[in-house]
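A.B. asks: Given next are the chains, with one letter for each unit.
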Amino acid sequence: MLARVANSLFWTGRYIERSEHLARYLKVQYFSILDAPMSQNKDFILKSILTMYGITFDPAKPVEEQEILSELGMNAANPNSILATVFAARENARSVRYTISTELWEVINQYYLFVKEYPVEFYKTRGLFDFTINIAKNCAMVRSYLDHTLIHDDIWIFIKLGMHLERAIQIIRILTSKLYDIEVVTENGQNLPLQQYQWTITLKVLEAFDMHRRVNKTSHTQTSTFEFLISNPLFPRSLAYNILRINALVSRLGFATGNDPLVVEAGKLSAYFQNLPLSDIQGNLRPFLYESLQKIYVLNDLIEKEYFHIGGEEVSSQTQSQG
Amino acid sequence: MAEEKDLFTTYEVPPGLLDEVYTDQTSSYSSYSLIKSLFHSLSPADFKKLNEYAKLSFLNQGITYAVYDESSNGTEKIFPFDLFPRVIRKEEWTMIEKGLLQRNTALNLFLKDVYSGQKILKDKVVPSSLVFSSPHYLEMMRGFSPVGDVFCHICGTDLIRHADGNFYILEDNLRCPSGVSYVLSNREAMKRTLSDIFKMMSVETVNQYPAMLLQMLQSVTPRPQDEPLCVLLTPGQYNSAYYEHSFLAHSMGIELVEGRDLFVENDTVFMKTIRGAVRVDVIYRRVDDAFVDPEVFRKDSMLGVKGLMRAYLAGNVTLVNAPGTGVSDDKAICSYVPEMIRYYLKEDPILHNVPTYICEKETDLRYVLENLPKLVVKPVDMSGGYGVTVCDRLSEAQLEELKGKIKANPRNFIAQPKMLLSVHSTYIEDENRFEPRHIDLRTFTLMGKNQPYVLRGGLTRVALKKGSLIVNSSQGGGSKDTWVVSE
Chain A
14 MLARVANSLF WTGRYIERSE HLARYLKVQY FSILDAPMSQ NKDFILKSIL TMYGITFDPA
74 KPVEEQEILS ELGMNAANPN SILATVFAAR ENARSVRYTI STELWEVINQ YYLFVKEYPV
134 EFYKTRGLFD FTINIAKNCA MVRSYLDHTL IHDDIWIFIK LGMHLERAIQ IIRILTSKLY
194 DIEVVTENGQ NLPLQQYQWT ITLKVLEAFD MHRRVNKTSH TQTSTFEFLI SNPLFPRSLA
254 YNILRINALV SRLGFATGND PLVVEAGKLS AYFQNLPLSD IQGNLRPFLY ESLQKIYVLN
314 DLIEKEYFHI GGEEVSSQTQ SQG
Chain B
22 MAEEKDLFTT YEVPPGLLDE VYTDQTSSYS SYSLIKSLFH SLSPADFKKL NEYAKLSFLN
82 QGITYAVYDE SSNGTEKIFP FDLFPRVIRK EEWTMIEKGL LQRNTALNLF LKDVYSGQKI
142 LKDKVVPSSL VFSSPHYLEM MRGFSPVGDV FCHICGTDLI RHADGNFYIL EDNLRCPSGV
202 SYVLSNREAM KRTLSDIFKM MSVETVNQYP AMLLQMLQSV TPRPQDEPLC VLLTPGQYNS
262 AYYEHSFLAH SMGIELVEGR DLFVENDTVF MKTIRGAVRV DVIYRRVDDA FVDPEVFRKD
322 SMLGVKGLMR AYLAGNVTLV NAPGTGVSDD KAICSYVPEM IRYYLKEDPI LHNVPTYICE
382 KETDLRYVLE NLPKLVVKPV DMSGGYGVTV CDRLSEAQLE ELKGKIKANP RNFIAQPKML
442 LSVHSTYIED ENRFEPRHID LRTFTLMGKN QPYVLRGGLT RVALKKGSLI VNSSQGGGSK
502 DTWVVSE
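Heads up: the sequence lines are chains A and B, in that order.
Residue numbers 14 to 336, in the working numbering, belong to the letters of the first sequence in order.
Residue numbers 22 to 508, in the working numbering, belong to the letters of the second sequence in order.
If you are wondering where the hints come from, they were derived from the structure by calculation, not from laboratory data.
Keep in mind that this is a model prediction, so the values were computed, not measured.
By construction, the Cβ of each residue, glycine as well, lies at the ideal position given by its N, Cα and C atoms.
Fair warning: there could be bad hints in the mix.
Derived DSSO-like pairs (lysine-lysine); straight-line CA-CA distance at most 30 Å [said to hold, decoys possible]:
id, chain 1, residue 1, chain 2, residue 2
1, A, Lys129, B, Lys70
2, B, Lys70, B, Lys487
3, B, Lys70, A, Lys150
Chain A is faced by these chain B residues, among others (derived, beta-carbon under 7 Å) [to be verified]:
id, residue
4, Asn81
5, Ala262
6, Leu277
7, Asp282
8, Glu368
9, Ile371
Throw the hints in and build the complete structure from the sequences for me.
C.D. replies: Structure follows, in structure tokens:
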């Protein structure tokens, strides 16, 4: 496979995954403002969404809701908007469409057309739920065609690798962002009902509320919420699950041998998450999340170095972080 | 229900023109009877729905041109497609196919001769001044023999049908002819939309084209002892024909490479893969000569591969088509193909050229200047319909201006009588009914070391603008599926 193709497949996976998290985060956060117990600061949550997207704004200025919604969803000129992200996924896929199945290409293309053609006025007023839920459905179609119409060889591996790596990064971004929200909107943890409401939102942002309850039948605390999303090895939107998947995918790439730095680093990180000492997290969440993010970036850089920069030449670098 | 307008009620066969569907206002040619009865049975509303469905199918498949502007995402345009297929009878097609093979065989022999002994020039059958003044003549190809002595592996020959009912050659495209992906996609769209007609008629398939193309590419490998590695070289995804490049690579199962994916070492071409460098044997390049190697041609080219011509001339890689083939699709040289056929093959040409006046020749120039309003003037080396002037529409002042241009650089122009391209029933969206529009036919011929192959059918291009004779997509043209049908 061409190095450039591997790079584009990887980024197709990353952008598809990213777009889904952006849409879901927007949906859950936005609807949480509408009927929050006691008055939550709407202005604050909208700014929190902007921060999670990596869109800069003037913190002193009050925000205008419809303006922000169109910025987040539809502004093609903003590389962190949903539209720009889906466009990037589709352009990467377009450059490698000859390597993937026609069916997979068509669902990616249809996903892009759906977002691009969505009526802006409706979206800004009553269409937000419909828009975001259909993004989730489109992503589910892409995932299904990816898993069921491709041979699970290198081509599939690079897309999946991009998806799991991006998902791990998005989980960390979401947790970090929610941690900050919780501190501020709950009067520094003094208001228990508001805290509980925020823990629920945190789980719902990752569609983890029901599964969390299955594991933690009686208690719902900040610790149970974050531990579940960080360390549960069987839940697909936990950090641990994705680190283990990255490791498995990396080891399957043909020439991965014992002394390959990527395999070594992925193996170390995976072993650590497999038996994660919960004492590492407790009371230490923020630095833990930050360090985990740095370790994932190291893996990303190794993937680029070993597979995409053949012959020393840079392939077009894309947006790693969102700000 | 109120009286519903038929899709054809107001259809009028233009006087003096050949309509391929209708002999007169009421009756049609027998080969169209089944198709016509189906279309007649549809109400304008039903047809509109079918048409929208076909368009959506193109959009979803991403068969589009993207027009890129300042905003980061492009406007997608569908290459307009008409649901009324063009039918060519099998007997007629057999003759066309023979004619195309004869013509392309002669063109190939001509290129071989031009880049070796130049016998045809010495015998003054083709004026050497025309060859050497062509910007596409490549002196560095002199003395080089490509694998199997094949220069033009893929030829796109354009034919028109005149009011006398005969097919004529309009021009040959021997550089990077495009359009074949639309033939295959149009057929797919027709099958999805109007499946019932296919059950009633026996239409020649076009599906095997990618397989034939791959066999042809493999047949010209410089290393026949090994399994050949073929790639398709594209200028990239912002090229207007990118869809076709991607489509062909996909359907042949070969890599679609850009210049930056290849490099040359020891006069050998390699591609950069995730497992390191892999040797390349055959490059189907969709990049023009001028951009293919910055070491030899345009230094500013970002699309090519440094050292590619060295590797090519060392015989370590095959380029399809060969560099320098453009010399024979110069429109002035094209008019000598009948002479080439007689000279090399000792045969009479099966397909005739549109009569061509070469402004470089003094007698022709005089005729052109005296009879300009009757003629169509074309620059010799432009494609895509650019620069074509239909003179009967010019004012006196414009005619004088054109005369000035021709006199200043006669080598750059040819002129042809205004050919009355046949018309075909074409759905006009704004009117929601069928109207006659001018059409031509682009054919595709493959020549390798193996059996030559002509795609049965080809791309019927249609000028959607009323009265326009220019069918190119860049000038508001669309296309139709072309059916070779045995009765």
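A.B. asks: For each hint, tell me whether it holds in the structure or not.
C.D. replies: Cross-check of the supplied hints:
{"no.": "1", "hint": "A:Lys129 x B:Lys70", "in the structure": "holds, 23 Å"}
{"no.": "2", "hint": "B:Lys70 x B:Lys487", "in the structure": "holds, 23 Å"}
{"no.": "3", "hint": "B:Lys70 x A:Lys150", "in the structure": "holds, 27 Å"}
{"no.": "4", "hint": "Asn81", "in the structure": "holds, 6 Å"}
{"no.": "5", "hint": "Ala262", "in the structure": "violated, 14 Å"}
{"no.": "6", "hint": "Leu277", "in the structure": "holds, 5 Å"}
{"no.": "7", "hint": "Asp282", "in the structure": "holds, 5 Å"}
{"no.": "8", "hint": "Glu368", "in the structure": "violated, 41 Å"}
{"no.": "9", "hint": "Ile371", "in the structure": "violated, 37 Å"}
Checked against the numbered hints above, the structure breaks hints 5, 8, 9 and satisfies the rest.
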